[in-house]
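Novice: Residue-level listing of the chains:
Number of protein chains: 2
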Amino acid sequence: MPSAVDAFVEKNEKRFLDELFEFLRIPSISTLPEHKQDVARAARFAASKLSEAGLEHVEIIETAKHPLVYADWLHATGKPTVICYGHFDVQPPDPLELWKSPPFEPTVRDGNIYARGACDDKGQMYMHVKAIQALRAVNGGKLPLNVKFLLEGEEEVGGESISEYVPAHKEKLKADVALVSDTELFADGVPTLCVGLRGLVYTEIEAQGPARDLHSGMYGGAAPNAIYGLIELLSEAKDAAGHILIPGMYDDVVPPDKTEMESWQKLPFSESEFLQHEVGASSLTGEPEQTVLARLWARPTFEVHGIVGGFTGAGAKTVIPARGVAKVSMRLVPDQKPEKVIAAYRQWVQDNTPEGIRCSVRVLSASPAISVNPHHPAIDTAAKAYSDVMGRPTVFIRSGGSIPIVGEFAKHLGIPTVLMGFGLPDDGLHSPNEKYRIANYFLGIRTVAHFLDEYGKSA
Amino acid sequence: MPSAVDAFVEKNEKRFLDELFEFLRIPSISTLPEHKQDVARAARFAASKLSEAGLEHVEIIETAKHPLVYADWLHATGKPTVICYGHFDVQPPDPLELWKSPPFEPTVRDGNIYARGACDDKGQMYMHVKAIQALRAVNGGKLPLNVKFLLEGEEEVGGESISEYVPAHKEKLKADVALVSDTELFADGVPTLCVGLRGLVYTEIEAQGPARDLHSGMYGGAAPNAIYGLIELLSEAKDAAGHILIPGMYDDVVPPDKTEMESWQKLPFSESEFLQHEVGASSLTGEPEQTVLARLWARPTFEVHGIVGGFTGAGAKTVIPARGVAKVSMRLVPDQKPEKVIAAYRQWVQDNTPEGIRCSVRVLSASPAISVNPHHPAIDTAAKAYSDVMGRPTVFIRSGGSIPIVGEFAKHLGIPTVLMGFGLPDDGLHSPNEKYRIANYFLGIRTVAHFLDEYGKSA
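Chains as they are written, first to last, in the numbering used here: chain Z, 584 to 1042; chain A, 584 to 1042.
Bound conformation, chain Z alone:
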């Protein structure tokens, strides 16, 4: 069976690439209002290609912001159902001057497609569509299992519409497992399933000192400084070694089990390469008693994403700032509860705000960590399919980031997600010159088809 799919994919390589290029030419930048019609156009493109691949009930669902696309094929009686998720919106391409070829004119160099969305996520999402097409083509128009598609155009701007849609359509979206290709291989050539994602509590702290900016000559020494107050507060969040000092922060943290830790030890990971090629700082930081991968995947964080206040132009201005704002997040790990973390954080802000300053906290988002059971039959089958196609054992990793839809599927549909991605660590998502390796595009189509085939057979 894989060989028939392989042959079909090989025969259609040019066409599959041309179609993806057409998709990539649509500048579906969800955050820019002037591209609203382009996001809609990308939705129509995806819908038409789902129809072409033989999916039924293809539907463009209007929302308050950008449309969702739904489709299904439900004729494999007695077989499991997989819901495929992906997104057809992209990040803005800025800074434009750093692109070697235009972001919305896909260009091939060294076996890679350079374009915004090539990897994140049009290229990966489109693999699912082509895998279905290939499976039907070699199987007399039938699929080995039931399939649903739910695609969105708001992933890069918070995914509000899909997070409202899922809980409101549980029956329609009912499935045994979800399939998402929006992640990457741990390293080139290594089949990789992601089985854990950190959660996130994202907040804004606003500090107010004097009623208005004051002259630092006239008032300096006696008037509180909102920025300095914020600095004093935030500096209390961690000790010099990177341990978070917010009381109770580690209370519910469940460390990874021995097997998982051991498997991480075997991953092809070099701390010095990670420092040099990815981080580019003078040294790494964080809890010294934890491995780097544990710090990234299994430990909560406290991060200041941005701060602004007072005079920030060129030259010198001697103000005591009245106001300052910082964006602060905490990544969560199993089994931390967002509500409990938020309460502890609010209390900590209150207890540590310096005299003369008033701080207010706004919570912008909150989601718990996600763990996927690696022994779930779908995960098991995915791992085997991955290994079969790529000829190496599949590794199980976690990701330090969050993929909100995985949480929505777990919470509202009660299903795990197979996070089977084919990006590479240097694909430059969200950056200029985003790329996706052509070989990985076809590898993904074949692996996804193989997984679906095997999962259909196994059940």
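Worth double-checking, as some hints may not be accurate.
[Said to hold, decoys possible] Here are the simulated lysine-lysine pairs, DSBU-like style, with alpha carbons at most 30 Å apart:
id, chain 1, residue 1, chain 2, residue 2
1, A, Lys920, Z, Lys900
2, A, Lys619, Z, Lys900
3, A, Lys619, Z, Lys619
4, A, Lys900, A, Lys753
Because the hints were derived from the structure by calculation, they are not lab data.
Based on the hints, put chain A in the right spot on chain Z.
Specialist: Just chain A now, kept in the frame of chain Z:
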């Protein structure tokens, strides 16, 4: 003699006010390139009024930026020479919507002139010109002493040109004392001489962490955060009570002597009114063992004027910032040496920069504190003249700010400055609805004339 001047001033009130209004209508905003011609126009206005007042050698001196104006009257053989300084440039009026009347259309309300520059410094500077005119008018065209004028149009943008001009023209500017009216009365009705100014070291610290902004999901926990590094560093600058922790910071600080401290105790100062009406915060801060006036006038400060880095837009973006910048200054008191403070500060930055972060320090300006000997004959005469005209004892105060020209005169001409100002604490310099009380304008003309007359007689 004062009565003759008083009579002359009273007779010419309308004319003196009309002239000032004409001066105030020139939008001589030195920081905005589109107002360059207006600054030049203000210089020509001042020059022509100096001529009208009987000054000689009136000169508009072109510089790299905005012109200076020089003039003199040197026919009082054997008498001392006073150099009068003032500035004819003004701050931008923004935010315009907060002005009750247009900033460059002087408007009288409740006995005040509302206009940008009314107090800072056109209104105060112009008092000197009118005082000279009055003295000559009642003295048969003669003056009781020699007078030089040096006016600038760059005070609000750093005063670079005058600080180059003074050391290059020591002989031309030679004088016994300088007179500057760019300060305020300690309280309404209280004749006030300022005899001390803090110095200032103004710097910028740039922190660099990772080579580029990183995704906080992928890297959070192990990658250094430039903003957090900057926060950790800056938080080490002061203890919770406001004492500066930079080693050696207090080594050369000379506390005010007993007499001066006692005189401060007698000033009409209410800490709670200062907090409520001027600062507007929940409490004052700073070294608890120092009085508020000592904190403002006689203690060094460490202030963060602004900070920026990372994501500061609306909503949430999960970056680990690669870079952050803070504007940091230290106010200096006698006898701190700027070079020594800068060296200690640089060393402290180096010693306290957290792992993974690189910090660079740029010094934008550095000037020492200034003390004027209150027993200098000119100061003594000024205090008496002030008391005579206002009918209350003159108080000696310091200011927590810096007036760079006072330092230039001390350093290059070796002379003290009489800081005799007539503004009020609520005049709103640099703010919308800047005002200057009409009565104080005439009071200033009379007091300055009286001081010059007495100083001429005394020597």
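Novice: Each hint needs a verdict: does it hold in this structure or not?
Specialist: Hint check results:
1. Only pairs whose Cα atoms come within 30 Å are accepted, and Lys920/A paired with Lys900/Z is accepted, the gap being roughly 22 Å.
2. As the CA atoms of Lys619/A and Lys900/Z are separated by approximately 21 Å, the hinted pair is consistent with the 30 Å bound.
3. Distance hint between Lys619/A and Lys619/Z is unfulfilled; the C-alpha atoms sit about 45 Å from each other, more than 30 Å.
4. For the suggested pair Lys900/A and Lys753/A, the alpha carbons sit about 57 Å apart, so the restraint of at most 30 Å is broken.
The structure fails hints 3 and 4 (numbered hints given earlier, in ascending order).
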